[in-house]
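Can you build the whole structure from these sequences, using the hints too?
Residue numbers (my numbering), protein chains in the order written: chain A, 201 to 442; chain B, 4 to 327; chain C, 425 to 716.
What the hints contain is simulated information worked out from the structure, not anything from laboratory work.
Hints may contain errors.
[Said to hold, decoys possible] Listed next, the in silico DSSO-like pairs over lysine-lysine satisfying Cα-Cα at most 30 Å (straight line): (1) C:K707 to C:K457; (2) A:K385 to A:K308; (3) C:K457 to A:K252; (4) B:K200 to C:K707; (5) C:K457 to A:K331; (6) A:K329 to C:K707; (7) C:K707 to B:K112; (8) C:K457 to B:K200; (9) A:K382 to A:K325; (10) A:K331 to B:K200; (11) A:K329 to C:K513.
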Amino acid sequence: MLQISNIDVYYGDIQALWDVSLRIGDGEIVAVLGSNGAGKSTVMKSISGLLKVRAGHIDFGNIRLDGLPAHHIVELGISMVPEGRRIFPQMSVLENLEVGASTNAARKTRQNTLEWIYEFFTPLKLRAKQKAGTLSGGEQQMLAIGRALMSVPKVLLIDEMSLGLSPIVVQELSGVIQGINKLRKLAVLLVEQDIELALSMASRGYIMENGRIVDQGDAKLMLCNPRIKETYLGIGAEEKAG
Amino acid sequence: MLPDWKRLLVIGLLVLAFMAAPMVIEIGTGSLNLLIMVFIFVILSQSWNIIGGYTGQINLGLAAFFGCGVLVTHFVWKAEMPIYLAVIAGGLSAVVLAGIIGLPTLRLKGAYFAIGTFALAEVCRIVVGNIFERMIEMPGSYAASYSLIPRYYLGLTVAFAAIAVTYFITRSKLGLGMVAVRDSEQAAQVTGVNSFKYKVYALLISAFLAGLGGGVYAFMRLSFHYVTAVFSPIWTFEPLMAAVIGGSGTLIGPVIGSIFLVVLSEIFALTLGEAHLIIFGLLFILVVMYFPYGLVGSVSRIRQIISRVGRGLCETGENCRKGF
Amino acid sequence: MEFVLQTIANGLLAGALYGLVALGLGLLMGVMKFLNIAHGTFIILGGYLSFWLFNLWGIDPFLSIPLVMIAMFLIGLVFYRLALSPLLKLPDVGMRIDTSMLITFGLIWVLDNAMTMLWTPNVRTILTSYTGETFRFFGARFSFTGLCGVGIAVLVGLALYSVLSRTYFGKHLRAATQDAEAASLCGVNVQRVYLISTGIAIALAGVAGAVIVSSYSISASGGIGWLLIAFVVMVLAGEGNINAIIPAGLVYGLLEAGSVLIFGVPYRQAIALLVFVLVLMFKPQGLFAKRE
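Given below as C-alpha cells:
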C-alpha cells in the first residue's frame with residue numbers, strides 16, 4: 201500500500217538517507233529500528249512531507265506522495281505521531297483532538313471518531329476540558345496518538361512512542377495500538393529505539409544504520425536472530441537469557 | 004581584503020582629499036550642504052550600527068539621542084562656549100540620556116527593546132515640544148558670520164571619528180562581546196557572555212556618536228522652528244535605513260548606505276518628487292529580504308561566488324545568512 | 425466635578441478606540457509572531473478608503489465599514505504573500521519577529537509616501553450630518569460618533585474572540601502558532617491559515633481607520649502615532665492575549681484621562697507612555713495575564 205523506493209534525503213547540504221526502500225502492506229505493523237541518528241525519523245518525515253525527497257519516490261496506492269505538502273498527505277490518509285508528542289499545550293485536550301480532525305473527510309465523522317478514541321483512551325475523555333500541557337507524559341502520548349487518529353488515517357506513523365515513558369505505560373499504549381490495528385485494519389509504521397518492543401508488535405522489521413537500510417525481515421525471526429540481539433539488544437538480551 | 008598598511012594609506016589619502024577639497028576647488032553651497040548631510044548620516048548610521056548592527060539590539064530611539072545632542076549643543080554654544088566644546092557637551096548629554104533610557108529598556112528582549120526605545124523617544128519628543136513652544140535660534144551675530152566651511156570640517160572630523168571608533172571597537176574585546184551577544188541571542192542560546200554589560204557599553208557609545216551628530220546639525224542650522232522636528236522618528240528611521248541598505252554589522256556599509264541615501268534622495272527629489280521615498284522603501288524591503296548584509300555584503304558575496312567558481316571549491320561560511 | 429466626569433468619559437471613548445486599533449497588531453504579533461510596524465499606516469489607509477467612499481459616493485462612514493474591510497482584507501492577502509510568507513522559512517521565531525519588523529518598517533516608507541502623493545499631506549476628516557451630536561449621561565457628554573466607535577470596538581472584539589475560540593479556523597490558527605509543524609501533520613494548511621489571518625488583521629486595521637476618520641481625523645503620516653498606541657495596548661493586554669485587548673484599550677484610555685486630570689493636557693500621552701514602559705519592564709506578561 202505504502203511503498204518507498206530508493207529515496208535520498210538531505211538536511212540542507214548534508215545527506216541523511218541513501219537509497220532507502222521500504223514497504224508497508226494493508227493493515228500491517230512494520231518497525232524501523234536502529235540506533236540514534238541512523239535516519240529512522242528522517243524516513244518518517246520524508247513520508248509525511250516535512251522533508252523533501254531528492255531522489256527516488258514514495259507512492260501511496262497510485263498517488264505519488266513526495267513533493268506534496270504535509271497537510272495534503274494527511275488528507276490522503278497518512279497520519280504521523282511526531283517524536284516528542286508535540287501536542288498543543290495551550291489548548292484543551294478536546295481542542296487538540298478537534299484540530300486532529302482538520303481534513304474535510306475527518307470533520308464529517310468527527311463525533312464518531314471521537315467516541316471510539318475515547319473508548320481506547322479513557323483518560324482523554326475524563327480530561328477533555330483540561331489544558332493539554334497539564335497532562336502527564338503518558339497521557340500526552342495518548343493525546344498525540346488520538347490526535348493523529350482523528351484524521352481517520354489508513355496508515356499511522358509513530359515516531360519514538362516509548363521515549364521517556366514508564367514500561368507500564370508503554371505496555372498499555374502498545375496494547376491499544378495493536379488493538380486498533382486489528383479492529384480498524386490500520387497499518388502502522390513504528391520507529392523505535394526499544395527494539396524488543398517494536399519487534400514484538402510488528403510483523404516485519406527494517407534495520408537502519410547511517411542512513412541506509414542494512415537488514416530486513418520477519419519480526420519474529422529477527423527477534424531470535426543472535427546477531428541482531430547482540431548488536432541492538434545488548435544487555436537487555438543477556439538479562440532475558442539469564 | 005587589502006593588507007593593513009595599504010588600507011591605512013587609502014584612508015589617509017581619502018581624509019587628505021576631503022580636507023583639501025574645499026581649499027583646492029570651489030564647492031557650491033548646495034554641494035557643501037549635501038556633503039555635510041552625508042557626514043551627519045554617516046555619524047548617525049554608524050551610531051545605529053554599533054547597537055543595532057553589531058550588538059543586534061534594534062534601537063528605535065536614536066532620534067532622542069540626536070535631538071538631545073542638537074538642543075544641548077545649541078544652548079551651550081549660545082552660552083558663548085567654543086563650538087567644539089558645545090558639540091562634545093551634546094554628545095555627553097546624549098550619553099546621560101542613554102543611561103536614563105537604556106538601563107531600563109536594555110533589560111527588554113528583542114522586539115520589546117525596539118518598542119520600549121521607540122516609546123521613550125516619543126516621550127522625549129512630547130516633553131520637549133511642551134517645553135519649547137516657540138522657535139529657538141542663535142543670536143543674529145552668529146548668522147552674520149555664517150559660513151559652511153567650518154561646518155564641513157566639523158562634520159568631516161566627527162564622521163571620520165565615528166568610523167574610527169567603530170573600527171577600533173570591532174577589533175577590541177568589547178566588539179567581540181557585542182557580536183557574541185547578537186549571535187547568541189539570535190541562536191537563543193545561553194552563553195557565558197555578560198550580555199547586559201556589552202549592551203550598555205554599545206548603547207552608550209552609540210548615543211555619544213548620535214549626540215555628536217546632533218551637535219554638527221546644531222552647528223549647521225542656527226534656528227529651529229519646531230524643536231520637536233529634531234526628535235522626529237525620521238532621525239531614527241533614515242539612519243537605520245542607510246545602515247541596513249549599506250550593510251549593518253559592517254564597517255563601511257553604513258558609510259556607503261549614507262552616501263547612497265543622501266545623494267540619491269537629492270537627485271531623485273528633483274526628478275521624482277515624493278516618489279523617490281517609495282523607491283527607497285521598496286529597496287530597503289528587498290535588501291532586508293534578500294541581502295541581509297546589505298550592499299557591502301552582496302558585493303563580497305558575489306565576489307565569493309566568482310572565486311568559488313574560479314577555484315572550483317565550495318566554501319561555506321562567513322557570508323552565509325546568520326543562523327542558517 | 426463636571427470636568428472630571430467629562431475627562432473620564434473621553435478616556436472611555438478613546439480607550440475603546442485604542443483597543444480596536446490594537447486588535448490587528450495583536451493578532452499578527454501575539455498569534456502569528458509577525459511584528460507589523462506598518463500597522464498604523466494600514467489604519468490610515470483604511471481611513472482614507474472610508475474618506476474616499478464618503479466623498480465620492482456619499483456612503484456613510486459607518487455603513488461603508490464592510491466595504492473597507494473587504495478591500496483591506498484583500499490588501500492583507502497581498503501583504504502576506506509578498507512580505508510575510510517568505511519569513512516562515514527563517515529558523516526561529518525571534519528572527520521572524522525582527523525581520524518582519526524591518527520589512528514592515530520599509531513598508532511604512534512606501535505606503536506613507538504613496539498616500540501623501542495620492543491624497544496630499546492634508547489632514548482629512550469626515551463630516552456627516554450627525555458629526556458633533558452629543559448625548560448626556562451623568563453630566564458628561566458623549567459624542568454620537570464616539571459611541572458608535574465604542575459599539576464597533578466591542579462588536580469587533582467579540583467577533584474576533586468567538587472566531588478564535590469557537591471556529592475550526594480559530595483552532596487551526598492557535599494550533600499553528602503553538603507548533604506549525606505539528607499542525608501541518610494534523611492536516612492544517614498552515615500557509616492558508618496565516619494568509620487568511622493576515623487578511624483579517626489588516627481588515628481590523630481598516631475598521632479602526634474608518635472609525636478614526638469619522639470621529640477624529642487622519643493624515644498620511646499619522647500612522648506612527650497610532651502604531652505606538654497599538655503597541656502599548658498590546659503590551660498591556662499581554663502578548664497573545666487577544667481577549668484582553670479591548671479591556672486593555674480602556675485601561676490605557678483611562679490612564680490618559682488620569683494624567684490629564686493630574687498633569688494637564690500637554691503631558692497626556694507622555695505620562696501614559698511612561699506607565700507603559702514601566703509595565704513593559706516590571707510586568708512584561710501584561711496586566712491581564714492569567715495566572716496558571
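Numbers of the earlier hints that this structure fails to satisfy, in rising order: 10 and 11
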